[in-house]
Structure formats: structure tokens, C-alpha cells
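Peer 1: Letter by letter, the chains look like this.
Number of protein chains: 2
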Amino acid sequence: MSHPEDPANPGNVAPVHQEPRAHQEPRAHQEPRAHHGTEPLRVALLGCGNVGSEVAQLLTGQAEDLAARVGRPLELAGIAVRRPQRARELPGVDPSLFTGDAAALVSREDVDVVVEVIGGLEPARSLILSAMANGKSVVTANKLLLAEDGASLFDAADRNGVDLYFEAAVAGAIPIIRPLRESLVGDEITAVTGIVNGTTNFILDKMHTVGSTFAETLAEAQELGYAEADPTADVEGFDAAAKAAILSSLAFHTRVRAEDVHREGITEVTGADIASAKDMGCVVKLLAICRLTEENPPRVSARVHPAMIPATHPLASVGEAFNAVFVESKSAGKLMFYGPGAGGAPTASAVMGDLVTVARNRVRGAAGPGESSYARREVAPIDSVVTRYHICLQVSDTPGVLATIAGCFAAQGVSLQAVRQQTGDGHHDADSDGPSASLVLVTHEATDAALAATVEALRELPDVAEVSSVMRVEAH
Amino acid sequence: MSHPEDPANPGNVAPVHQEPRAHQEPRAHQEPRAHHGTEPLRVALLGCGNVGSEVAQLLTGQAEDLAARVGRPLELAGIAVRRPQRARELPGVDPSLFTGDAAALVSREDVDVVVEVIGGLEPARSLILSAMANGKSVVTANKLLLAEDGASLFDAADRNGVDLYFEAAVAGAIPIIRPLRESLVGDEITAVTGIVNGTTNFILDKMHTVGSTFAETLAEAQELGYAEADPTADVEGFDAAAKAAILSSLAFHTRVRAEDVHREGITEVTGADIASAKDMGCVVKLLAICRLTEENPPRVSARVHPAMIPATHPLASVGEAFNAVFVESKSAGKLMFYGPGAGGAPTASAVMGDLVTVARNRVRGAAGPGESSYARREVAPIDSVVTRYHICLQVSDTPGVLATIAGCFAAQGVSLQAVRQQTGDGHHDADSDGPSASLVLVTHEATDAALAATVEALRELPDVAEVSSVMRVEAH
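Listed in order, the protein sequences are those of chains A and U. The numbering of the first sequence is numbering that gives the first Met the number 0, which starts it at 0 and goes up by one. The numbering of the second sequence is numbering that gives the first Met the number 0, which starts it at 0 and goes up by one.
Don't read these hints as lab results, they were simulated from the structure. Just so it is clear, the structure is predicted and the values come from calculations on it, not from any experiment. Glycine included, C-beta positions come from ideal geometry on N, C-alpha and C. Wrong hints could be hidden among the right ones.
To give an idea of the chain U side of the interface with chain A (calculated C-beta under 10 Å), a few residues [stated by the list, open to error]:
1. A102
2. G171
3. G224
4. H252
5. K329
6. V418
7. Q421
Stretch-level coverage of chain U by chain A, calculated; a stretch enters the list once three of its residues show a Cβ under 8 Å from a Cβ in chain A [unchecked claim]:
8. 61–71
9. 177–186
10. 345–353
11. 358–364
12. 369–376
Start from the sequences, fold in the hints, and give me the full structure.
Peer 2: Below, the structure is given as C-alpha cells:
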């Protein structure tokens, strides 16, 4: 199945490029639609890191199966890397395919599909736009680019009549993009709640099961390769926020950008929070929460933050670095999609599924779904979100303190579901004369604004030495 | 959005039929691909039971959203029911749409897509084939027909250049067909293990949690509407076997029919089995197990039977009437899809997703994936399947009995993982003089043939009064 380039005609220009066009005929009604053939569809790969190297090997190693599934062979036309002279050897992959000139590769006439697994905004965006302008369909795993500037990509795909597929951009190998874009497109999705970042799930899961601190667990995650040397994108929730923007856009047929997503990371989650969650029968997870508000017309609320969820919720049992996405819709009810959310091979699986789909579309002159953003929904600010809070306070252990604190909640119209006092730790607050106690409060549902105002007011109370933790309680 | 038929021209033939064809032009490269328009795409609905009535109402009630998502309005052209005069009133649905002449409806020139939710082999098959021969794309929920004669349907779709979509045929609202046909099509799936029948899962779950017998729980399921008056298709595993055939065909790119699936129901599962499973940290589930064997070339093994699985397996926590499908593949690893597997609204959600997809394809002159059965794999008989057994015996409580029994396993080359004797129930076996004991044995992996031969041999032993239960242990 390997089909090395002819060095005298590196582009293989004429026959390869003309052939796909010839197949894009209208399907006559009584004519079989399978346009099988032997002319390869040619794939340009941008990036050859963990994901790209898996894709390159799957393309060559599974060539016969892929040809049978697509209807025509798939062939690597080139692999763009920053330093082609340093490109690693990949079993079965012709080393002469490596090139440093990505811009030339995406506009080569003999390329039909471009797979972008470089990541980041630039040069990925320019390369994808150039590929589309040159009539190539694009498969990308680039969540950041889609969340920051998806509109440009979708517009370019539409303008140029090419496909844009991105299953690998959210939750790795888990099919979630296609289910939202296609399977559930006749339904009305009301909420998508995801554990979409494996690093933070690994850390929170370890903190829960082992009882270690955030700092200790992060160090362990870095050693095991679950966290980057600079873990900011993961632990501060940027990665999950990009995915929340993509999921919200698809689920609610609108445009949501990363900057529309309220974002809080997990760096301030303490062992005490996790222990307190356990006491409540809960676990702490970093959630990407995408909801339609109950207003008319509904707005979109998208947020990423750590939250306590009941241990009985399907998302609660998602351990280690696994991902899961929980979808609620009017007709289907509650669905969950679970699997490995990252890693070279799982991400490559998603890329390969898109690549076969895009290639099949090429073979038959068909096209996948374009952007569906007709609903043009407003984004609801975090203030208006209705949620519950779990709050830990260090207070002076004096009579009447609970009444004062409860009054503080009442003044903001927030009612309390549970109050639990933890005494006897012998802790004396430096700023006060008397002994102190820990107070754990859980509210009923209220707007985030009212809850935030309550916390502000609590901080002003002389009897409150410290608001040691504030965390939302979700999925109850 | 409603577009009542012109009584003088019931077919609306000329404009409606010509319009879709005009849109099936090749996509020129620089031409935008969105072919939005106001001419409706017309949908014929076959069947108006639980699912059909939901589909009819979603089609009319969500008309604006559907039009925006498809690019053109969707409109009901007719609803075929057995007794149109008895057709129920559906909010928002024009009663004049009901017809008793399904055959005429599927060949009407003003129909673009046919949705079949009648179920059963005939007249569903003839109607679908006629619809396709008349150039209509088809959406069906008909697992039985696909499992018995999918080849005819796929061939007809291919021959006529139309779409055949069937997400609702397996696991109700859970997107599993599209993920297998498209998302994972670039990967190598090695196993699909599903809880794909809600009735039996409800019964087994109740038996586990409440401790009731099969007969009691079946009666309760029938009262609650989770089981039919004649529960045979569910409790004997026929429904799950049809779904296993469909899942195997898609996962392994081959043709597997219902008759190729080894099938055992749950009617013989006892409270003792469930209790014994609990003792082992297991639960009992009716599983549809689809696997590629490790031979070269691999064969397909597809079977439906009750099995014990560890309580820690993701499928173990699937309770009540929910469904879940666990997929293992080379690159993606382990994925799970979970949700409601039956019911009018969830099944309608899957139908509507297919309908929008098929309609989008029509609007753009595109086509979804056809059948992928190139691998033409052989089906491995149940004998060759490698599995583990959990066996309960009633034996005479005499010295040496365990040695005799263990010898029986050894003679077939089956090794034992665990043996547990349960004594002291005061039970005296009628055919023997001495006291009896219960013996629970769990084997290591062996072929089903060796295990079955062992069980046969045990039955012949004078010391064995009864082989009271034999169940496979899976997913370990």
C-alpha cells in the first residue's frame, strides 16, 4: 500500500488532483454511490509529536483497512515539522516525507486533506486557512484555536466548500463532537457537564483517594507524565474552558468563545475541601458546565470550576486521568460518554475517525455538517448562575456567632441547607482572644451573585477569622 | 412552518420533487456549500406508536429549529398507520396526514425521506425497499430487520444512492451506531460489550437490590411497563441478540446476522446466582458480547447471555432500565456510552438525529456512510469462545467428593480459580442417603467447549446430586 513519491514529480500533481474532482459528480438516482478506486487520497500531516506520530503510523500500518473503509487508499503526502532534520524515525513511515515547509505542504496540489496536530493559535490558524483556501478538507485536534477563533475556521470551511472535523479537540478518544453535531441534532440539549481535563482529574482523584495535598499530587502527576512542566493550562482551567466553549457552541447552536467561559482552577482546592466533600457523600471534580438558562429566550451559561458532586452521580466515579461528558436533553434524557481524554494513541483514534469520514466525503463528493450557530444566544454572566455553595469558616467560638452568620446569609436571601460545627482542634486565632471553631455551611440554590455577596459580607464579620474555603455544589 | 397539502395537488409533485434534485449539484470549489432554502423536505412516517407519535410531535413542535439545522424546513408528508380512522390525536399534527396506505406513501413523489418505526420484518422490509427504489433516504429503528436482513437494506441503499440510518436500532437514545460507523472507523475495535436490553437489566438490577425472584420481578416490570405482556423477546435474549448482530457487523466491518449470535436468556437466573455473584464482588448482567478472536485471521464471536461481572467494572453500575455499551479498541482504549435504551422520547431523539443528518445530506447532495462489510469475517462458534465459569453444585457431603470433582475439571484441562463449600443448610438430597452440601466453583479461562464438557461430566458423577447453576464470568 505504500506509494512513495516520484522524486521527479514530487507533487504527483496532475493525476492525483484531477482524480478526486472527477469523483465529485452528482449522484444520479439509480447509480451506485460507492466510488471505489485505486487513486490515493493524499494526506498532509502538520505536526509529529505524540499525536502526529501515532497518526502517521496508523495511516501506514492500517493502509489496507483504511482503503477498504474509505473506498480509496489514503496516503501520506508529507509531514510538516519544525526541524525536519531532527525528525524521529517512525516505523513504516518514509523519512523523506518530513518537511520544514508547512506552508508549501498545505497548498500542494496533490494534497486532499490536511491533519493539523500542531496545536496553539499560530501558525496553526494560518496553515488551516491556507489549506482550506486551497480546497483541502481539514481535521484538527486544536481546541485552543477552535475556542478562540472557531468562527474564522467554520466560515472558511463553508466558503471553500470543504470539511472541518475536530473530534479530537474535546475529550480525546471519546466520541462527543459527532454525537453533539449529529446524533443529538434533532433533540434539544439543555446541559453538558464534563470532566474534560485528565490532568486535573488525576490530581483531584489522587487527593481524594490518597489524601495528599495539591502540591504533592501535582509533583507526582508531573513525574508520571500526566502534567506538563508548566501546568498552568491544566490546573488553572484554561484547557477545560476552551473545551467548554466548543461543547457549548455545538450543544446550543451558537458561538461561545473561551473568553465567554467563567474559569476557576483547582490550585486552591485543599485536603480539607476534599475531606468535607467526603463527609457530605461527595467528591470534588473540575467540571466544565454548559447550560441553557431557563429564561426566555434562554441564554448560555458556560463555566469551569471545581465543584462538589454527589458520589452517586455517574461523573463521580470517573477516576484517574479519564474524561467523561454527561449530556442532558429533552427527549434523550441523560447520556454519558466515558473514556481516555488524552494521550497520543487515543487522540490519534479520534483524528483517524475524522480522517476516514472526511476522506469518504471526498470520495463521494459529499460534505459533513457545517457550523450550526443560528441560535445566536447571549452568554449569561456568572453572577446570574443559580448554584449552591459549600463554605468553610474559621469563627470565634462564642455564643451568638451562628446567629450572626445565619443573618448574613438571610440578608442576601440565601437559605442554608446544612450547618456543621467542627470544634476541639485547640486552634486559637491569632487576631482574637477566644478559641476558634470551624464552621461548614451548605446553602440551598441561589444566584452566584447573592452567594458571592454573602461571602463578602462574611469576610467583614468580626467573628469570622477566615473564610477558608468556598466551593460550588453541583449535579445534585 | 406548517405547510398543509394542497388538496388539489396532494403530491405537490413538481416543485417539491424537482427542488431537491436541483440541489444535488457537485460542490464547486469556491462555492459556499450551504444550500439553504425554503422548499420543505418532506418526511413520510411509517408507524405512530410510542416512538412515531413522539417523532411526529418533534417534527412539528421544533419546526423552526429543525429548519435552521437542516438548511430547509422539514415537513410531515403523511403518517401511515394500520387503522387511520383510529389514529390518535397528536398536538400540532394535522389529522389529515394519517393514511392506511403505507405502500402508496413511500412511493409518493413529494416524499424525500421515510422514517420507519413500525418494527418487525414485514411489511417494514417491503416498505423500506420500495422507498429506496423510489429514491427516498430511510431512517429506521428496526433492529430485527437489520439483524435478519441488513444486507438487503444496505444493498438497496447503495444501489439507489440513498441513505440508510439506524441510530435508534441499538440502545435507544445512546449514540453508538454513529460512533462505530464514523468516530471509531479509523481505529481497530477489538470488543463491544453491551447492556442493550432495558427490560432484562431492570429485572436483574431489582433481583440484585431487592432480592426478589425472577418471576416476581418480571411481574413487577410488566406492571411498570418495563416488560411486555409476552416478555419472550426480552427475557430470552432475542432483542439483545439482534443488537449484538448489528454491533458486531459495524465494529468488525463484516456481516453478522441474528442467527450467528449465541443466545441465552435470563429466565434461569436464580436468587442464589445473584447472591453468589455478590459474594464474589460481582453483579449479574445480561451482556451482548462482540469480540474479535485472537486467531489469524480473527473471527467474530457474538453472544448474548447472563454473566457475572466485577462490581468495579463500569457496566456493573448501570442500573434500572438503562443501557450502556463498552467499547475496546487498539488506539482509543476503553470507552463507554451510557443512557436510556428504550422509551418513546429517547428513541425518537435518535430517530430525529438521523432524520436531520439525512435531510442535511439531501440538501447538499451528500451521502452518509454505506455498509462497510469488506472484512468478511467468519463467525466463531460458541464452543471456541474462551471464558470463565461460575458453577454451583449440590453434592453429597462425604470425604473425597472434592477430589473427585476437581479431577473432573482436570480431565478437561480446566483449572479452578476458587472453590467454596457452603454447608449446614440441613438439606438432605432425596436420591442419596447422606447429607448434602453446596459447592461453588469458579474456573480460570478455558474454552466454552471444555467448560461445557466438564459440566456434562459433573452431571454424571454419583456424588453430584445437581448442577444447580452455571454462569459465565466476564470482563475480569
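Peer 1: Could you run down the list of hints and mark each one as holding or not?
Peer 2: Now the hints, each set against the structure:
no.: 1; hint: A102; result: 20 Å, violated
no.: 2; hint: G171; result: 8 Å, holds
no.: 3; hint: G224; result: 16 Å, violated
no.: 4; hint: H252; result: 7 Å, holds
no.: 5; hint: K329; result: 8 Å, holds
no.: 6; hint: V418; result: 32 Å, violated
no.: 7; hint: Q421; result: 32 Å, violated
no.: 8; hint: 61–71; result: holds (count 5)
no.: 9; hint: 177–186; result: holds (count 8)
no.: 10; hint: 345–353; result: holds (count 8)
no.: 11; hint: 358–364; result: holds (count 4)
no.: 12; hint: 369–376; result: holds (count 4)
In summary, the numbered hints that this structure violates are 1, 3, 6 and 7.
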